[in-house]
Amino acid sequence: MGGTDALLAARLAAGDDHALAEVFDQFGAAVYGAAAYVVGTGGGAQDIVQDVFVELWCHPDRYDPDAGSLRGYLTLLARHRAVDTMRSELRRLARQERHYRLTIDEGPPSPGEQVLTAHMAGEVRAAIQRLPAAQRQVVELAYFEGMTCREVASAVGIPEGTVKSRLRLALAKLETVLDRQLLEAP
Amino acid sequence: MTAAQPDVLAGLRARVLEASQRARTAGEPVPQVPAISPAEALSRAADALYRTLSALDGAAWARPAIRDLDVQGLVGHLTGVEDDVQRGLAGDPAVSLAGHVESTQAAAVSQAGREPARTLAEWREAVRRTLALADAICQDDPDALDACVAVHGMRLPLRALLIVRAFELWVHENDIRLTAGLPLAVPDPPVLRLMTRLAARLLPGAAVRAGVPGPGRLHLVLTGPGGGSWDLEWDPEWDPETASAGRPCPAEVSIVADAVGFCRLVADRMTPAELDPYITGDHDQAAGVLTAAATLALD
Numbered sequence: 001m002g003g004t005d006a007l008l009a010a011r012l013a014a015g016d017d018h019a020l021a022e023v024f025d026q027f028g029a030a031v032y033g034a035a036a037y038v039v040g041t042g043g044g045a046q047d048i049v050q051d052v053f054v055e056l057w058c059h060p061d062r063y064d065p066d067a068g069s070l071r072g073y074l075t076l077l078a079r080h081r082a083v084d085t086m087r088s089e090l091r092r093l094a095r096q097e098r099h100y101r102l103t104i105d106e107g108p109p110s111p112g113e114q115v116l117t118a119h120m121a122g123e124v125r126a127a128i129q130r131l132p133a134a135q136r137q138v139v140e141l142a143y144f145e146g147m148t149c150r151e152v153a154s155a156v157g158i159p160e161g162t163v164k165s166r167l168r169l170a171l172a173k174l175e176t177v178l179d180r181q182l183l184e185a186p
Numbered sequence: 187m188t189a190a191q192p193d194v195l196a197g198l199r200a201r202v203l204e205a206s207q208r209a210r211t212a213g214e215p216v217p218q219v220p221a222i223s224p225a226e227a228l229s230r231a232a233d234a235l236y237r238t239l240s241a242l243d244g245a246a247w248a249r250p251a252i253r254d255l256d257v258q259g260l261v262g263h264l265t266g267v268e269d270d271v272q273r274g275l276a277g278d279p280a281v282s283l284a285g286h287v288e289s290t291q292a293a294a295v296s297q298a299g300r301e302p303a304r305t306l307a308e309w310r311e312a313v314r315r316t317l318a319l320a321d322a323i324c325q326d327d328p329d330a331l332d333a334c335v336a337v338h339g340m341r342l343p344l345r346a347l348l349i350v351r352a353f354e355l356w357v358h359e360n361d362i363r364l365t366a367g368l369p370l371a372v373p374d375p376p377v378l379r380l381m382t383r384l385a386a387r388l389l390p391g392a393a394v395r396a397g398v399p400g401p402g403r404l405h406l407v408l409t410g411p412g413g414g415s416w417d418l419e420w421d422p423e424w425d426p427e428t429a430s431a432g433r434p435c436p437a438e439v440s441i442v443a444d445a446v447g448f449c450r451l452v453a454d455r456m457t458p459a460e461l462d463p464y465i466t467g468d469h470d471q472a473a474g475v476l477t478a479a480a481t482l483a484l485d
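Protein chains in written order, with the numbering used here: chain A, 1 to 186; chain B, 187 to 485.
A couple of the hints might just be wrong.
[Stated by the list, open to error] Label pairs and their calculated CB-CB ranges:
#1 B/E204 / A/S154: 15 to 25 Å
#2 A/S69 / B/R315: 46 to 56 Å
#3 A/A30 / B/A241: 47 to 57 Å
#4 B/D193 / A/E160: 49 to 59 Å
#5 B/E204 / A/P159: 55 to 65 Å
#6 A/D61 / B/D462: 21 to 31 Å
#7 A/D61 / B/D421: 31 to 41 Å
#8 A/S69 / B/V287: 49 to 59 Å
#9 B/A245 / A/D25: 55 to 65 Å
#10 A/G40 / B/A196: 19 to 29 Å
#11 B/P192 / A/S69: 49 to 59 Å
#12 A/R62 / B/Q207: 14 to 24 Å
#13 B/T211 / A/S69: 19 to 29 Å
Derived from the structure by calculation, the hints contain no laboratory data. Ideal Cβ positions, reconstructed from N, Cα and C, are used throughout, including at glycine.
Isolated chain A, as found in the complex:
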């Protein structure tokens, strides 16, 4: 019997808490790095690391040693969690922005919110630049210029229905591109 990933998984399944500590000592830094690459080095990355190791401890049978290394499994899990965290944060910010538009100015965002918003805005703008020109144009007018679909249709000279379908296509593409970018990050 050797000290392999398969043995570590078997020990975790047997309730061996020493094995969990060993797994953290071996892969904790890599898991933290994978999470921090996506969400930054704040508390969010630490929450993700905790979630990943608790998940491994509670469900060690979900890791299949024949399918790949334990390190690869854990870092992939961390990236997935980080992307989910980013997605929720983007949705939260979008909701917040809509809220701000509809309400009176309640003061400037906190420094933390500014950093996070700037980071994600950079990712989103880069992805928009890679959209086809026709889709990029309607996205920029609708989101950066704040135009309604009718105003975009009038400005571009296309039917309002075409504006909506281009927006739908563009948003679906953006979501895919952003997810892939985050998942494929080293």
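The hints should help you fit chain B onto chain A, whose structure is shown.
Just chain B now, kept in the frame of chain A:
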């Protein structure tokens, strides 16, 4: 990749281990094994042995099994053990110190020349009587499972005795399968879980009796369905009356082994080398513990 500061990782390590302990208690295996009673474990082990015996042809019953016994003689021995267990349950002091082999030898040798089917039926009936008696005792007294029963030099709570019986039936089932050229049987996980738990609990006493130097701390991990993890301690010298606060911290040994293999070791059917455990800590002390485990001879 973003590098983490060592102090961040150190804090995170403690936080991760604490959160994990809250989410799942250490020692318990996953996926969880359904809990069964010791009587159910004996019943399942008896069913498994019965299936194996029922599939044997006439020639297989005459093959050598263990010691000087053929398969039929071994089944006769098992009938004799059940009879003695029933006497022990009834409080007969004569069986408390009787030898496991000597006391049952007459039942074993008397099988010669009989129809194997009769031997099988008598053993099956003997197990049924043991289970019925244990059940009746527990019906009368809800604490009876924790009351000690003395049989064949052992003095064990009834719950442990029933598991020891399941252990013996599984071990001899494999003795018979081996002589019949059949693959070895593995107990189902709920039965194995009770067997590994019992073996782990008996291990510190075996270490002391075998003279393994102490004080000692053993982290025992048995892998596979029915396994688990235990932190065990033994100290042949420790005396609560004279112990001082400055007592040296015991050394720790960690042994990781396959659960079924470990049960074969404690049944003295496998050597520590064949078990091929993963050991950390003092290897000499681990070797002493594994040798002591084999002296439990739960067969």
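Satisfaction of the hinted span 55 to 65 Å by the C-beta atoms belonging to B/E204 and A/P159: Holds: the Cβ-Cβ distance is about 59 Å, inside 55 to 65 Å.
Assessment of proposed distance window 49 to 59 Å (beta carbons of B/P192, A/S69): Hint violated: Cβ distance 24 Å, outside 49 to 59 Å.
Supplied distance hint 21 to 31 Å, evaluated on CB atoms of A/D61 and B/D462: 23 Å, holds
Satisfaction of the hinted span 49 to 59 Å by the C-beta atoms belonging to A/S69 and B/V287: 51 Å, holds
Satisfaction of the hinted span 31 to 41 Å by the C-beta atoms belonging to A/D61 and B/D421: Distance hint for A/D61, B/D421 holds at roughly 37 Å.
CB-CB spacing for B/A241 and A/A30 relative to the 47 to 57 Å hint: Holds - the Cβ-Cβ distance for A/A30 and B/A241, about 52 Å, lies within 47 to 57 Å.
Distance restraint hint 49 to 59 Å, applied to the beta-carbon atoms of B/D193 and A/E160: Because 57 Å falls inside the window, the suggested range holds.
B/A245 versus A/D25 beta-carbon gap, inside 55 to 65 Å or not: 57 Å, holds
Distance restraint evaluation - A/G40, B/A196, Cβ atoms, bounds 19 to 29 Å: The hint (19 to 29 Å, Cβ to Cβ) holds, given that A/G40 and B/A196 are roughly 20 Å apart.
15 to 25 Å as the expected CB spacing between A/S154 and B/E204, which holds or is violated: Taking Cβ atoms as reference, B/E204 and A/S154 lie about 60 Å apart, which means the hint is violated.
Outcome for the supplied range 19 to 29 Å, where the beta carbon pair is B/T211 and A/S69: 28 Å, holds
B/Q207 and A/R62 - C-beta distance against the hinted 14 to 24 Å: 19 Å, holds
In summary, the structure is inconsistent with hints 1, 11 from the numbered list given earlier, while agreeing with the others.
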